[in-house]
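Asker: Residue numbers (this note's numbering): 14 to 153.
If you're looking for bench data, these hints aren't it; they were derived computationally from the structure.
Misleading hints may appear alongside valid ones.
Claimed, not checked - If you anchor each label on the Cβ, the simulated ranges turn out as follows:
(1) Trp-17 to Arg-111: 54 to 62 angstroms
(2) Pro-84 to Val-132: 33 to 41 angstroms
(3) Ile-15 to Val-81: 21 to 29 angstroms
(4) Ala-137 to Leu-73: 14 to 22 angstroms
(5) Phe-62 to Thr-113: 41 to 49 angstroms
All C-beta atoms in this analysis are idealised placements derived from N, C-alpha and C, irrespective of residue type, glycine included.
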Amino acid sequence: MIEWRRLSTGVRPVPDPVATPVIWGGAFLGALVLVATLNFFGGHGRPMFALVALSLLAALLGLCARFVAAPGTAALCWLFLNGFAIPPAGQLSWAGDRDTGWLACLLAAAIAGTALARVVNARAGYRRITPFGHRSWPPE
14 MIEWRRLSTG
24 VRPVPDPVAT
34 PVIWGGAFLG
44 ALVLVATLNF
54 FGGHGRPMFA
64 LVALSLLAAL
74 LGLCARFVAA
84 PGTAALCWLF
94 LNGFAIPPAG
104 QLSWAGDRDT
114 GWLACLLAAA
124 IAGTALARVV
134 NARAGYRRIT
144 PFGHRSWPPE
């Protein structure tokens, strides 16, 4: 008789990233709350504060996301930045150099967060699967 077993039942050395729709939902809600909070405290019309805050949000979301989630995360953050952090509120506009720079900054933050997480997880996974940690064999 054949006995079926899952191959991935053990502890994984590297954690799985969060699903992309969950990251995009977090970007939508996080950007909404962040821009609304900044506007409430007098940040409306000062897009640099919002850009820095949204870049930090994109980097934090990138820590638990896949690389394919980075463009959508950057686009969602840019929509709230462009639509609600600069006057007139609620109207999307495209100013070539400014918006291209904002999108590049948000995308770079999301990719940097994801790359940092991959390096940290890979190093931690290597330590978990390497016998005796970084010690040489035979022990001294």
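Asker: Are the hints correct? Go through all of them and say.
Answerer: Against the structure, the hints:
Roughly 57 angstroms separates the CB atoms of Trp-17 and Arg-111, a value that falls within the hinted 54 to 62 angstroms. Distance hint for Pro-84 and Val-132: a CB-CB separation of about 21 angstroms, inconsistent with the stated range 33 to 41 angstroms. For the hinted restraint 21 to 29 angstroms between Ile-15 and Val-81, the CB-CB distance of approximately 36 angstroms leaves it violated. Taking 14 to 22 angstroms as the suggested C-beta distance range, the pair Ala-137 and Leu-73 conforms, at roughly 19 angstroms.
Here the CB-CB span from Phe-62 to Thr-113 is close to 20 angstroms, at odds with the stated 41 to 49 angstroms.
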